[in-house]
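Given two chains presented individually in distinct reference frames, assemble the corresponding complex, making use of the accompanying hints.
Here the protein sequences line up with chains A and B, keeping their order.
Sequential numbering of the first sequence, starting at 19, is according to this note's numbering.
Sequential numbering of the second sequence, starting at 30, is according to this note's numbering.
If you're looking for bench data, these hints aren't it; they were derived computationally from the structure.
All figures in this text were calculated on a predicted structure; none of them were measured in a lab.
Hints are supplied without guarantee of correctness; some may be wrong.
In silico DSBU-like cross-links for lysine-lysine, where the CA-CA straight-line distance does not exceed 35 Å [stated by the list, open to error]:
1) A:K55 with B:K163
2) A:K21 with B:K32
3) A:K88 with B:K162
4) A:K88 with B:K32
5) A:K34 with B:K145
6) B:K163 with A:K69
7) B:K162 with A:K21
8) B:K162 with A:K55
9) B:K162 with A:K34
10) A:K34 with B:K163
11) B:K35 with A:K34
Facing chain B, a subset of chain A residues (Cβ under 8 Å, in silico) [to be verified]:
12) Q23
13) T26
14) P27
15) R61
16) G68
17) A72
18) F73
19) N75
20) Y77
21) D80
22) S96
23) S100
24) V102
25) P103
26) S104
27) R110
Glycine included, each C-beta is placed from N, C-alpha and C at the ideal position.
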Amino acid sequence: MAKIQIPTPLRQYTNKQESIEIKASTVGDALSGLLAKHPDLRRHLYTEDGKLRAFVNVYLNDEDIRYLQKEATTIKDSDNISIVPSIAGGARQ
Amino acid sequence: MLKIDKSHYEALRCHGEETYPYECCGVLLGTMNGEQRIVTSTARCGNTRDDSPHNRYHIDPRELVRIQREGRERGEDIVGFYHSHPDHPARWSPTDLAEAHWFSCSYVITSVAKGKAEVTNSFELSGSDEADKKFVDEKIEIGELESKPQGRAS
Chain A
19 MAKIQIPTPL
29 RQYTNKQESI
39 EIKASTVGDA
49 LSGLLAKHPD
59 LRRHLYTEDG
69 KLRAFVNVYL
79 NDEDIRYLQK
89 EATTIKDSDN
99 ISIVPSIAGG
109 ARQ
Chain B
30 MLKIDKSHYE
40 ALRCHGEETY
50 PYECCGVLLG
60 TMNGEQRIVT
70 STARCGNTRD
80 DSPHNRYHID
90 PRELVRIQRE
100 GRERGEDIVG
110 FYHSHPDHPA
120 RWSPTDLAEA
130 HWFSCSYVIT
140 SVAKGKAEVT
150 NSFELSGSDE
160 ADKKFVDEKI
170 EIGELESKPQ
180 GRAS
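Bound-form chain B, shown alone (with noise of 0.2 Å):
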């Protein structure tokens, strides 16, 4: 299950309609308690794929690592990564499928229908290799959680 603070889910449902047509992209931290990761901030990336924005994401790896630090410094983990479906179903596609490498981590996608956010799912990515990965759906548990500053835009 994800928990995550109101205002951490609007700020990445807002992301998508910032981006909309194109695909937005970021992080979620915070920390893994059991099956639970509970998402005490995020961080906006850009989306690398200047080719095909509009239906294909890519976060620079360097962002990533910087994230990772900065995240480390408060405390935090990479528990997981969201982006947008720009008019198209807030469903996982085989190729967020073949790009997840992330296993525990959730994958919450939001569906933006003509620049307006619409679902938002969360998917974990559960198996223990690439051979039998899979994702799985998840329950997204929007809470009023103690909330660290977040939505640092990069």
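Chain A extracted, bound-state conformation (with noise of 0.2 Å):
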């Protein structure tokens, strides 16, 4: 099964668990996987017309999804898929 790793910010929506193992094809099938297993996650990984929040990056081991097949990308029992929100900001309003 390939492995979802939860970062600490959403972990108290998945029982505290750091990462979660989900049986799919594709990148789209795990994460719906895990929305099934753990509800509460859909409103911080989509927006209400179900599209992915533009800070939330996924990845397929070291691969951002957007630059493979996005959400259709095919992935392999010991594939790795890492949910990482952005990090950015800075001085200037």
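Below, the structure written as structure tokens:
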């Protein structure tokens, strides 16, 4: 099963689990499986119209899925999927 | 509250001096213990905002994935982030808040005036979602913790 790594701020919605194993054939299926197990995650990952939030990066191993086939990217059992909210800011308003 | 070893505290302040007049940025790794975030290592990151590095920062998520993985192998979690404000106060800006998404993590800001690190403050990102998020001032407790190797350059 592929493993989804949960970042620290979202673990409150996964019963404090650091990673969740999901049987799936695509990244999108894996994320759907994750939300089926932990539905409170949905509003943190997706907009109301069902799109991944702009600041939510999803990586398959070391690759951004935006540069693969997005949520249709196929996965293997040994794959790691990382959910990584973006880190940015700066002094200028 | 953020608990940090003096050597890590000085390392993140030095990073801001080294990158002056540009903003530095990095990751704080360690453990969460209730309301406490205990830093046991730091990871320097590159600032990818080449268009405006003196007042903007952005960490490449790919770098974050690597840091998160390496931390996991050492039993550490990401507990916060740091960056500098060159010639600007160590207070969060509206941009800092708008771009902050790691709830319950620490965001450490160091003001660097004319190349010299001055004030370092920390803010916890509080709230339950994007609509009600806010930064809350938090105390930094600087101690002599048992530390791990730190400051891996990227």
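Please name the hints from earlier in the document that this structure breaks, with their numbers sorted from lowest to highest.
-> 4, 5, 16, 17 and 22
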